[in-house]
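Protein sequence lines correspond, in order, to chains A and B. Read the first sequence against our numbering and you will find it ends at 1042, with the numbers running on by one and no gaps. Read the second sequence against our numbering and you will find it ends at 1042, with the numbers running on by one and no gaps.
Hints in this document: simulated from the structure, not taken from any laboratory. Just so you know, these numbers come straight off a predicted model, no measurement behind them. Take the hints with a grain of salt, since some may be wrong.
Put simply, identical chains are the same to the list, so a pair is met inside one copy or across any two.
Claimed, not checked - Within a straight-line C-alpha distance of at most 20 Å, the following computed DMTMM-like cross-link-like pairs (lysine to aspartate or glutamate) qualify:
#1 K755 / E860
#2 K755 / E717
#3 K988 / E877
#4 K799 / E1006
Number of protein chains: 2
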Amino acid sequence: MAGPMVIAVDAMGGDAAPDVIVQGAFRAATLTSARILLVGDEKRLHRCLASEPHSPAIDVLHAPETVDMGDAGPLALRRKKLSSLSVAIDQLHRGRADAVVSAGNSAAIVATATHQLGLIPGLKRPALGVLLPSFESDVLLTDAGAHSESGGIHLAQAVFLAASFLKHSCGRPDPTIGILNIGHESTKGPRAVQGAMKLLTETAALPVRYVEAHTLFDGAVDGVVCDGFVGNTMLKLLEGVVGALRRCFPPGVPDACTPEENAATPEPQRWLHRLMRRELGAAPLLGVRKTVLIAHGRSTAREVANAILEAEKFAREGLFERMGQDSQLLEHLAALRGRYTHWMLTGLKNRWRFGAKKAETDKGGEP
Amino acid sequence: MAGPMVIAVDAMGGDAAPDVIVQGAFRAATLTSARILLVGDEKRLHRCLASEPHSPAIDVLHAPETVDMGDAGPLALRRKKLSSLSVAIDQLHRGRADAVVSAGNSAAIVATATHQLGLIPGLKRPALGVLLPSFESDVLLTDAGAHSESGGIHLAQAVFLAASFLKHSCGRPDPTIGILNIGHESTKGPRAVQGAMKLLTETAALPVRYVEAHTLFDGAVDGVVCDGFVGNTMLKLLEGVVGALRRCFPPGVPDACTPEENAATPEPQRWLHRLMRRELGAAPLLGVRKTVLIAHGRSTAREVANAILEAEKFAREGLFERMGQDSQLLEHLAALRGRYTHWMLTGLKNRWRFGAKKAETDKGGEP
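Sequences are here, hints too, so could you generate the full structure?
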């Protein structure tokens, strides 16, 4: 695409939309050369814009509908075809934008992005990836909340999504990924976790092991895969801890240090600084074909701005496109899907066989 | 029961059993008037005891088998009838002990206790309850890991278990309980969470709402109910945070303060002290008929001692027996179970009806 990048922002998504979103867009516009396209109710957006100083890098695109936080994802997709979210993603789909950022209803974002942009071939669903500080560097948590119920195949595929993201975005060519469990013994954990491990062992594509949450910050693994309900709960619990720590420490300690001070801090304390200063930016929706980032519903203007800058970074790197062309990833996803289909068919066959046998017995042993 | 209390301890359960368990028992024996009954491999236990100074309040009971951490719960129950765990719980069942403490395989403890001691009438399964520090006082997390997969009925019943525990053990006559979710909207969350909310709304027995993990420490609710996999993961994540904070702070700050210093600390900092000083004691297995506590597998001798003292406290209070006679609890459990059975039957009836209709269509519309 010639000219500057265009970042489409769902201006109506988020708890304090559109005001905070517009403020965030203004903040971002002063920091980037990308154009920002605010999608939403034209009148309200122009009113918000009027209260801000003029910025030439912001455009507005009208969308008459708004997805509410309480809307079910698939329903929002079907019934609100002209929502700000849907129109923003449509711009991305048509190549008129390079990335989409939304702080809205995440189930609706996942459903709309999956439907309009499509997924990497072989993938069953996308997953949200969030980087958390660890003592080594960062640890990727996937799925951080795209879906609140996962089967074994979803967790197994998320392992490869995480590996590909770490390879292409964080420069870790050989990342180690763990599956979150509540013990390292093979008998522990719910069926989905055990199913994922079985699928991964049978396709034998990557050495994966169980990790427990208390080792998350040790740097033992580069990425941890879990169900979106669990991942989102972990993120929110950490948010609660950070909030509580802020109340415990006198203001300014150890929260408000500059990035230079932060870099100068020795490692043990630095982890705390990084955790406390961690901004709820935006999480990439891994597995869709184009750059989509989901920001926290309670994002501040500063966090919205960060999300826009991150989206620009991902779009410039072409991360989503590179993941879609990652031949290793495609191979692994296909292998997992094949194995899974084999399981399903075997299951059906067995059920049919036992069902048939049962019917025979009922009929008094007739063949 | 005349004479002192007897606390049966599964001496072979735990990562560093039996040594650490024996050390913990010794430590506890110096602090309580209760007798401690160590159950396990006689020879090994006598060898451990020989290295400790003589204590008259400790007895040994032989059990030839040991449940391993990797054993599946129901299998351990069926195949290892003479395990230290099973023998200890049998002593409790026969009235020869007043409480059982085990740091062993929690799935096996849950299965064995459920089978040998029985549950409160109407209850489908027990749940582990753990108290965490909040800014108000404490917040009860249930289930903290008894089961790694839960349906709506299990979560709904756990709400009443939590309420009854808070009433009888923490002196909160009117506790507020929340169900953990990743949003407060009714469309959010997995089926089990939505099912639990529906069951509770239909029986209309207690005002319950969704809570998110970032508000856990705010004191907004007295108890939070979640699936055991999620609860256990949250506990372990907090453990990881505490470990990381210990690395961040120079030794002794703010960890090593005496209880008096702790009490003298103003509230915001006190939360941190309470979190950091929180000992991984033992969690009561709520819903079984007699006092069973599960300690962390990695418990230190000090934590085993704490667990024994806590078990004695619960046994002395008669908490488990009082919960078993709590008429409100029994009523609510029965109402939930009735409602659930009604659902199941309606589901079956509908399936039968639609199945029958389908069969009719297949036969060309015959009645």
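Against the structure, the hints:
For a Cα distance limit of 20 Å, the shortest separation of K755 from E860 across copies, 19 Å, qualifies, whereas the shortest one inside one copy, 46 Å, does not. When the C-alpha separation of K755 and E717 is checked against a cutoff of 20 Å, the pair qualifies only within one copy, where the shortest distance is 17 Å, while the shortest distance between copies is 71 Å. Neither within a single protomer nor between protomers do K988 and E877 lie at most 20 Å apart by alpha-carbon distance, with minima of 37 Å and 49 Å respectively. Taking the shortest Cα distances, K799 and E1006 sit within 20 Å of each other inside one copy (14 Å), while across copies they are farther apart (44 Å).
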